[in-house]
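*Asks:* Residue numbers (this note's numbering), protein chains in the order written: chain D, 1293 to 1805; chain S, 1293 to 1805.
There may be inaccurate statements among the hints.
Capping the alpha-carbon separation at 25 Å, the derived lysine-lysine pairs in DSS-like fashion look like this [claimed, not checked]:
#1 S:K1770 / S:K1746
#2 S:K1421 / S:K1487
#3 D:K1746 / S:K1304
#4 S:K1746 / D:K1304
#5 D:K1746 / S:K1421
#6 D:K1328 / D:K1503
#7 D:K1422 / S:K1617
#8 S:K1555 / D:K1328
#9 D:K1614 / D:K1746
#10 S:K1503 / S:K1487
#11 D:K1778 / D:K1790
#12 S:K1617 / S:K1503
#13 D:K1770 / S:K1422
#14 S:K1487 / S:K1552
#15 D:K1421 / S:K1746
#16 S:K1617 / D:K1746
#17 S:K1487 / S:K1584
#18 D:K1770 / S:K1778
#19 D:K1746 / S:K1746
#20 D:K1555 / D:K1614
#21 D:K1304 / D:K1487
#22 S:K1770 / D:K1778
Some chain S residues close to chain D (C-beta under 10 Å, calculated; not the full set) [claimed, not checked]:
#23 T1329
#24 H1375
#25 Q1411
#26 A1415
#27 A1471
#28 L1473
#29 H1556
#30 A1734
#31 I1763
#32 D1764
#33 K1770
#34 A1771
Because the hints were derived from the structure by calculation, they are not lab data.
Don't be surprised by glycine CBs; every beta carbon is placed ideally from N, CA and C.
Chain by chain, the residues:
Protein chains: 2
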Amino acid sequence: MNGAQALVNTLKAAGIEVCFSNPGTSEMHLLEALDKTDIHCVLGLAEGVVSGAADGYARMAGKPAVTLLHLGPGFSNAMANIHNARRAHSPMLNIVGDHASYHLQYDAPLTSDVEGCAQPVSAWVKTSKKPDQLAQDVAEAIAVARQQPGKIATLIVPADVSWGETLHDLAAVPAASAAPLPSMLVVNDAAAVLKGDEPALILLGGAVDEKQLKVASAIAEHSGASLYCETFPSRIARGQGRGCIERLPYLPEMAADVLKDFKHIVLVGAQEPVAFFAYPHFQSVLLPEGCKVHRLADLSHAPGGALELLAEQLGVDQEKAKCYKGSPLALASGEFTPSAIAQSIGALLTENAIIVDEGITGGAEVFVTTENSPAHDWIIQGGGAIGWGLPAAVGAAVACPNRKVLALEGDGSGMYTNQALWTMARQNLDITVVIFANRNYAILQFEYLHAGAKDMGESAASQMSIGNPDIDYAGLAKAMGVSASKANTCEEFNAQFKAAMATRGPHLIEAIY
Amino acid sequence: MNGAQALVNTLKAAGIEVCFSNPGTSEMHLLEALDKTDIHCVLGLAEGVVSGAADGYARMAGKPAVTLLHLGPGFSNAMANIHNARRAHSPMLNIVGDHASYHLQYDAPLTSDVEGCAQPVSAWVKTSKKPDQLAQDVAEAIAVARQQPGKIATLIVPADVSWGETLHDLAAVPAASAAPLPSMLVVNDAAAVLKGDEPALILLGGAVDEKQLKVASAIAEHSGASLYCETFPSRIARGQGRGCIERLPYLPEMAADVLKDFKHIVLVGAQEPVAFFAYPHFQSVLLPEGCKVHRLADLSHAPGGALELLAEQLGVDQEKAKCYKGSPLALASGEFTPSAIAQSIGALLTENAIIVDEGITGGAEVFVTTENSPAHDWIIQGGGAIGWGLPAAVGAAVACPNRKVLALEGDGSGMYTNQALWTMARQNLDITVVIFANRNYAILQFEYLHAGAKDMGESAASQMSIGNPDIDYAGLAKAMGVSASKANTCEEFNAQFKAAMATRGPHLIEAIY
């Protein structure tokens, strides 16, 4: 048995089911070993697709996929979406091939500092040294990835370690230990705040499931506290029957305005709110002076369990949670705007859908217009490295083949990893993509002025517009095998979106407004 | 004046004419400052386009462009083509925005280790600390980029250093010092080898211009030595009237066979030949045992000047150089194969074209079939990080707006940075793209077996095929504003390629064989 087979044996025994890959020559023995198992290999035509898909998969499956990447350049192409995965605390296991160890001394053209590339975005990096150690090394990597919260583990496998013979054909991965509950001191501190008279905010972050949301909502109802989630939770349960929650705005001025009267903030899987970017005219810290921070649970704890303890301490009746129970919105008509698109999505969203949100400015309202849509889950790009949405939709659809995935995508952000469309077609994934086609980096046009740049001449404007020529997104999708349509009116969009919700398989709607 | 303006002043004064960009919020003041100059800003819709274009530009202009990138994720998306640029010794200046320095402590979502990302591919990395130092920092970066051979210099500019006020509004960049000539000891050593009776090879590498090629060819004629270039020279003059030269094969077995009888190798801007990848069954070092290596000039020297000294020492008559003087090939007909495509390209190539070569297996023969085509230049992807060709064609066309650029591109490699097509359209660049559409990663199918993997089941095969669905490259190009056609026969290809050579502007031919 060679090292590659021992590695793949260990993946398989640990329950890894999916490999997102973009291999090269140094990974040929790994492909051969994967070929002998039922691990599902999903090819991406660019590495950003591979890592974004692994993130989307991890968020929905709650466990890591493995990525297969080719040396430093292959890894670096994947890094932006690994950054997003790291910020979302997604478990991820990267297997990166390298030159044979003895070949490195010759500095052949593709020689690269693979460890150096991996360090900035990985919690754990190791180069395997011998075929006999490879099974153990990958077991260690899996264990790290599965820690609470999830981590990025990157194992570098020189080609001779893959092809060399070994008798160590398998290593066991220890079961992940359960995340600890917070101490009662911490729970009591939060309970005291919520019993008191001073205005308090409960802020949820990380992956917020239905149960957490319900308990948090019940606590908020019971105590009179406000309930918000971070601007970009990694995952959140939404829609009919799910707990009502507000979302902290992206703009620092607006977020600070939301926060200005609170004397206490109770953090549950969330960070202390700060501005996404710094601006010359506004502070980075968003909490008002004197607001006390109470960390009930960070992501190394079990936020759900922490909320249960808190509810118990407060004597909360969980059945009194405030949940969405209205009717879905009516279909939009009239002017075709992002608001109208958002409204119609709210009207037509199917039950149990997964919304993958990289809609940036265009898709911003959908979070609210789907409140009373049938129950569904959201995953959101929160790391700020754009080009995540289409790949993450691939991963979510691979993780949940029986659920409709709706990808909200900006026309700017969608271009970074448009190759994901091809993987949607090859795998026949049940994904509806809505492109918010405003022909601009609209967020940058806003940020330019917001950051205090004053004049916008032709040159600056040209770097924030993606028109001239307009991208034909429907044509792009068809060229990669995905059926597609263009919507220029509410009526067109409504008909196309309704059909997409009702039809299995990938479809892209280019919403041009 | 703010720091950004001081930075841009310094770029301008140093003669930087082009900025390839994909900016974000942290670079808004840099955009504003660029807007006030005539530095030509060229937007890429993904960062791999930006860095690949900067490489293509540098190879053809002989001087650096500047790239404008957004934090760690933006830089990492650009890294693969920066790797290629580094391997080609292209001068490159990367300006990477970062969060305001005081904002880093809050660990906002896009916070990233920008220096850590930059280190593996940069010769020089610095984070500018104050607006007052920014002009001086960028001057230093430019000086490093312009060293002989060219270097990758990466300057990280925190947003507050861009927007902060300064009186230091400009810094001068010292002129690059001329590359030194080798010592006469070294020249005499090489001359002695070439005067002797033992079989000798002259190996050229780096950027090989017309003059170098002629002198080297004359030396070879005079001495009876063989003349080869590296498998992947960063640039080489080719075609009618240019010195005849062979190219070292990619496959190590074939390269070793070429080299097996030489007792001496004289390196001129080239490295000692080694295998591109290691294989279980074949050695990394390609020179036969006992072959003596003579380093006439590495790339920190002036290879052209070194060859002149050598010619003088040997009493070479440069007019006796062996040059290509045949007629271009006839048009191909019959079966539509990569050989037929290569033949017709040889028949129809226009004078003074620039060939940008990432044709991988499909385009391999074009180097030979264009020997007797009108004089032209080649630039070749040699770093092994695929996804270089379309961006590099953008850069070459921006550098040389009055020359026809021919991009030879594999259908696999073309997908990594297909967004370059959009920039070709926006800038109306005079580029003809030929896609060698074999619907496979053909190089990997070969490498799989060559590396000793034995069986190829459905799973492994699926990771090396890019069919199912086939990519409609012509459709992809049209969706991004580039006119395009499909060729399934020699006759179709001949007509389309002839028209493309005769018509200014971007056109893509999908050659399906």
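*Asks:* Does each hint fit the structure? Answer for all of them.
*Replies:* Verification of the supplied hints:
1. Only pairs whose Cα atoms come within 25 Å are accepted, and K1770 of chain S paired with K1746 of chain S is rejected, the gap being roughly 41 Å.
2. About 57 Å separates the Cα atoms of K1421 of chain S and K1487 of chain S, which puts this hinted pair outside 25 Å; it is violated.
3. The suggested pairing of K1746 of chain D with K1304 of chain S holds, with an alpha-carbon distance near 21 Å, which does not exceed 25 Å.
4. Straight-line distance between C-alpha atoms of K1746 of chain S and K1304 of chain D comes to about 21 Å, which keeps the hinted pair within the 25 Å bound.
5. Pair hint K1746 of chain D plus K1421 of chain S holds up; C-alpha atoms about 24 Å apart against a cutoff of 25 Å.
6. For the hint linking K1328 of chain D to K1503 of chain D, the alpha-carbon distance of about 40 Å lies beyond 25 Å, and the restraint is violated.
7. With a C-alpha separation of about 54 Å, the suggested pairing of K1422 of chain D with K1617 of chain S is violated against the 25 Å cut-off.
8. Annotation: proposed proximity of K1555 of chain S to K1328 of chain D is violated, straight-line Cα distance about 47 Å (limit 25 Å).
9. The straight-line distance between the Cα atoms of K1614 of chain D and K1746 of chain D is roughly 45 Å, outside the 25 Å bound, and the hint therefore fails.
10. Proximity of K1503 of chain S to K1487 of chain S is assessed by CA-CA distance (about 22 Å); at most 25 Å being required, the pair is judged to hold.
11. In summary, the hint linking K1778 of chain D to K1790 of chain D is supported, as the alpha carbons are separated by about 14 Å, within the 25 Å threshold.
12. Between K1617 of chain S and K1503 of chain S the CA atoms are separated by roughly 16 Å; this keeps the pair inside 25 Å, and the hint holds.
13. Only pairs whose Cα atoms come within 25 Å are accepted, and K1770 of chain D paired with K1422 of chain S is rejected, the gap being roughly 49 Å.
14. Note on K1487 of chain S and K1552 of chain S: the hinted pairing holds, with a Cα-Cα distance of about 20 Å set against a maximum of 25 Å.
15. A hinted pair counts as satisfied when its Cα atoms are at most 25 Å apart, and K1421 of chain D with K1746 of chain S qualifies at roughly 24 Å.
16. For the hint pairing K1617 of chain S with K1746 of chain D, the CA-to-CA distance comes to about 59 Å; that exceeds 25 Å, so the pair is violated.
17. Our distance criterion of 25 Å between C-alpha atoms is met by K1487 of chain S and K1584 of chain S, whose separation comes to about 15 Å.
18. The straight-line distance between the Cα atoms of K1770 of chain D and K1778 of chain S is roughly 16 Å, inside the 25 Å bound, and the hint therefore holds.
19. Taking the CA atoms of K1746 of chain D and K1746 of chain S, the gap is near 63 Å; set against the 25 Å cutoff, the hint is violated.
20. This hinted pair checks out: K1555 of chain D and K1614 of chain D have alpha carbons roughly 23 Å apart, not beyond 25 Å.
21. At most 25 Å may separate the alpha-carbon atoms for a hinted pair to count; K1304 of chain D and K1487 of chain D exceed this at roughly 50 Å.
22. For the suggested pair K1770 of chain S and K1778 of chain D, the alpha carbons sit about 16 Å apart, so the restraint of at most 25 Å is met.
23. At its closest, the beta carbon of T1329 of chain S sits 8 Å from a beta carbon of chain D; the interface hint therefore holds under the 10 Å criterion.
24. The interface hint given for H1375 of chain S holds, since its Cβ lies 5 Å from the closest Cβ of chain D, which is under the 10 Å cut-off.
25. For Q1411 of chain S, the interface hint holds, since its Cβ comes within 10 Å of a Cβ in chain D; the closest pair sits about 6 Å apart.
26. The closest approach between the C-beta of A1415 of chain S and any C-beta of chain D is roughly 13 Å, which is over the 10 Å cut-off, so the hint fails.
27. Because the beta carbon of A1471 of chain S sits about 21 Å from the nearest beta carbon in chain D, more than 10 Å, this interface hint is broken.
28. Interface restraint check: L1473 of chain S against chain D, minimum CB-CB distance 25 Å, threshold 10 Å, status violated.
29. Proximity of H1556 of chain S to chain D is violated relative to the hint, the smallest CB-CB distance being about 20 Å (cut-off 10 Å).
30. The interface hint given for A1734 of chain S is broken, as the beta carbon of that residue sits about 13 Å from the closest beta carbon of chain D, more than 10 Å.
31. Interface hint status for I1763 of chain S: upheld, as the beta-carbon distance to the closest one in chain D is roughly 6 Å, under 10 Å.
32. For D1764 of chain S, the shortest C-beta to C-beta distance to chain D is roughly 4 Å, which falls under 10 Å, so the interface hint holds.
33. Using the Cβ-Cβ criterion of 10 Å, the hint placing K1770 of chain S at the interface with chain D is satisfied: the shortest such distance is roughly 6 Å.
34. Against a cut-off of 10 Å between C-beta atoms, the interface hint on A1771 of chain S holds, since the closest Cβ of chain D lies about 3 Å away.
In summary, the structure is inconsistent with hints 1, 2, 6, 7, 8, 9, 13, 16, 19, 21, 26, 27, 28, 29, 30 from the numbered list given earlier, while agreeing with the others.
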